[in-house]
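**Student:** Go ahead and model the full structure; you've got the sequences and the hints to work with.
Protein chains: 2
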Amino acid sequence: MNRPFNFSAGPATIPLEVLNRAGAEIADWHGTGMGVMEMSHRGASFGEILNGTLATVREVLAVPEDFEILFMQGGGLAENAIVPMNLCGVENPKVDVAVTGSWSQKSLTEAKRYADVQLAFDGKAHQFHTVAPTGDWALRPDATYVHVCSNETIHGVEFQTPPDLKALGITAPLVIDCSSHIASRPVEWDKVGLAFAGAQKNLGPAGVTMVFVRKSLLDQAMGICPSAFQYKLVAANTSMYNTPPTYGIYMVGLVFEWLKAQGGIAAIEAQNIAKTNLLYGAIDRSDFYRNEVDPAFRSRMNVPFLLADETLNERFLAEAKAANLLSLKGHKSVGGMRASIYNAMPLSGVEALVSFMQDFERRL
Amino acid sequence: MNRPFNFSAGPATIPLEVLNRAGAEIADWHGTGMGVMEMSHRGASFGEILNGTLATVREVLAVPEDFEILFMQGGGLAENAIVPMNLCGVENPKVDVAVTGSWSQKSLTEAKRYADVQLAFDGKAHQFHTVAPTGDWALRPDATYVHVCSNETIHGVEFQTPPDLKALGITAPLVIDCSSHIASRPVEWDKVGLAFAGAQKNLGPAGVTMVFVRKSLLDQAMGICPSAFQYKLVAANTSMYNTPPTYGIYMVGLVFEWLKAQGGIAAIEAQNIAKTNLLYGAIDRSDFYRNEVDPAFRSRMNVPFLLADETLNERFLAEAKAANLLSLKGHKSVGGMRASIYNAMPLSGVEALVSFMQDFERRL
Chain A
-7 MNRPFNFSAG PATIPLEVLN RAGAEIADWH GTGMGVMEMS HRGASFGEIL
43 NGTLATVREV LAVPEDFEIL FMQGGGLAEN AIVPMNLCGV ENPKVDVAVT
93 GSWSQKSLTE AKRYADVQLA FDGKAHQFHT VAPTGDWALR PDATYVHVCS
143 NETIHGVEFQ TPPDLKALGI TAPLVIDCSS HIASRPVEWD KVGLAFAGAQ
193 KNLGPAGVTM VFVRKSLLDQ AMGICPSAFQ YKLVAANTSM YNTPPTYGIY
243 MVGLVFEWLK AQGGIAAIEA QNIAKTNLLY GAIDRSDFYR NEVDPAFRSR
293 MNVPFLLADE TLNERFLAEA KAANLLSLKG HKSVGGMRAS IYNAMPLSGV
343 EALVSFMQDF ERRL
Chain B
-7 MNRPFNFSAG PATIPLEVLN RAGAEIADWH GTGMGVMEMS HRGASFGEIL
43 NGTLATVREV LAVPEDFEIL FMQGGGLAEN AIVPMNLCGV ENPKVDVAVT
93 GSWSQKSLTE AKRYADVQLA FDGKAHQFHT VAPTGDWALR PDATYVHVCS
143 NETIHGVEFQ TPPDLKALGI TAPLVIDCSS HIASRPVEWD KVGLAFAGAQ
193 KNLGPAGVTM VFVRKSLLDQ AMGICPSAFQ YKLVAANTSM YNTPPTYGIY
243 MVGLVFEWLK AQGGIAAIEA QNIAKTNLLY GAIDRSDFYR NEVDPAFRSR
293 MNVPFLLADE TLNERFLAEA KAANLLSLKG HKSVGGMRAS IYNAMPLSGV
343 EALVSFMQDF ERRL
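From first to last, the protein sequence lines are chains A and B. Quick note: the first sequence uses this note's numbering, first residue -7, plus one each step. Quick note: the second sequence uses this note's numbering, first residue -7, plus one each step.
Among the hints, a few may not be true.
One copy or any two copies: either way a pair holds, since identical chains are not told apart in the list.
Listed below are the simulated SDA-like cross-link pairs for lysine to any residue, each with C-alpha atoms no more than 25 Å apart in a straight line [as the list claims (entries may be wrong)]:
hint : residue 1 : residue 2
1    : Lys104    : Lys224
2    : Lys207    : Glu83
3    : Lys324    : Arg34
4    : Lys313    : Leu42
5    : Lys324    : Asn229
6    : Lys324    : Ser278
Everything labelled a hint here was simulated from the structure, so no lab data went into it.
**Tutor:** Structure below.
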């Protein structure tokens, strides 16, 4: 099989071992004679899959016991509404949002349906190339929560460490949309109140959203929050208040087992750093390519880059495709190229990309 | 491989041919070197899958052009909120709900978050064994919509034909939750304003919800309706306003191709009738088993039945399992047994069940 390197921003490449295992047991999970997709979510077999996955996730991500781990649906975009619907059932709800790229902009817009929303930081003024120190943000002392997108998939802007609200005397919980870098580095849970992530970047297939929420935040849902999306109900029913996306959960479980077999988060982070150094290094050493993000906020997962001569974009993409390097086109709002190099992208994929980039530059 | 007959109410049995095809292409769809789960939803390959699936669904279910076909997330339970959030953005929204079992009861409860809800018919007064003629329901002439569950999975109560509101002079659109019998018989679209169905019974894996909505109903969403769940946005973006559950959609596509290969809805309906006649016939001819639903409302998909001697329940289930007949336990709210015999359950499965039931009765 010709297996190209797939730099898609999500859905994204999945380890071949994981896919092959899923394929081998697609119609017969562990001798049951049934595929995972066919199993009652209430049965013993799926219970084993769900509980095993929860245990592996908790272990690999070192999730403290005062967090619930939920499997939900709707992806990051739905969660932009589900978060405020779950947290804004208080008097005069106030949400402070730092806009560091497209995704946090969407979160801000959506939260306005449910709360008084304040733009805490506006990255647009900096072309989304950097983020001001948290101490300079416009944060309200009585905010219901503060929202950041800890890795902006489109703009390639990543917080190397989450904002430390406590250090600023802010007691509001921090909500992080970590869809595109979850499981790529350790999570500093002590700084976080709630984290969510669509699975389709680093965790598995689209259609599963993981939510990590402090138990202390389960009791403030708005009356209009649909039952199916109420964290408290979902938590009390181990993500089975309604029928969960069973097959997606199973795939997430396989991905976390793979992660564990790689050596866990420490090992995968080391590899991600190696991949990032290689790619940004190649970009920075060249006048032909450039990445405009402040090095302190460069994403390890999504690397946007521009060609000095943008008229070469189409040719670059066509030749990359011919070289088995796929989905390198940048998001239309940013232009240029983007290489998404999630956990499942091996170092050899980044080496092949860098080698192609250098060759392309040389040939011109 | 030992393949048991799986009578689970959902997630449920999927045709083996469909699973095997999915397994064969899990890491390489049509020579792309990528599995469907890994593909960008914006790419050409997934576009082909999505558009092909939409075309097949429209053809097989004979969906008129004035209906949008949407792929969403959250299942029937989420849709219980998503429907009113999409339809109740009018002055004084009023929802009339016929409660014919557990699912419509849930729909009624959920709609109260968003509208003035009226119980149009209360099946509880009849132990959910029958449904009064629509003309006897308490329907308001100015209802925003009328909701029914056209097949109650737990109580085994099915409308053989949807309520004809127009014949009663009611202009409100009819909303049907048809999760557990979609694609098992033709849909009388002229009577329907909106239909929704979680996929995990007759269409594929859990995590995909299909919504069929008249274009004329796309413009009445409430301000609190999350963008990700606004029918108008989802429709305008061909179900890709947010990242859709790509793998689930692919599986639904394979199931519809399988349906087409079986001869389409007419052929599958004939087989469903044959299966139903066999099973209800065996139950009715016996004093040992009984089904209490009014024959005019008996479900072709979910057949609950009771043993005259309920102390034998556990033994029945254990022996059935030993005979490779799985997931026959009735829902806890009803007790007894339930055989869910969706499209993918072959006649041979029902024959095996009936044969086991008769043998079990004889041996006692």
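**Student:** It remains to establish, for every hint, whether it holds in the given structure.
**Tutor:** Hints, verified against the model:
Taking CA atoms no more than 25 Å apart as the test, Lys104 paired with Lys224 passes in both settings, with 23 Å inside one copy and 19 Å between copies. When the C-alpha separation of Lys207 and Glu83 is checked against a cutoff of 25 Å, the pair qualifies only within one copy, where the shortest distance is 20 Å, while the shortest distance between copies is 38 Å. Taking identical chains as interchangeable, the C-alpha atoms of Lys324 and Arg34 lie at most 25 Å apart only when they sit on different chains, with a minimum of 12 Å there against 43 Å within one chain. Proximity of Lys313 and Leu42 under a CA criterion of 25 Å is satisfied inter-copy only: 23 Å between copies versus 38 Å inside one chain copy.
In the homo-oligomer, the alpha carbons of Lys324 and Asn229 lie at most 25 Å apart only across protomers (16 Å), although the nearest pairing inside one protomer, at 41 Å, exceeds that limit. For the identical chains of this complex, Lys324 and Ser278 are intra-copy neighbours only, at 24 Å inside a copy versus 67 Å across copies, given an alpha-carbon limit of 25 Å.
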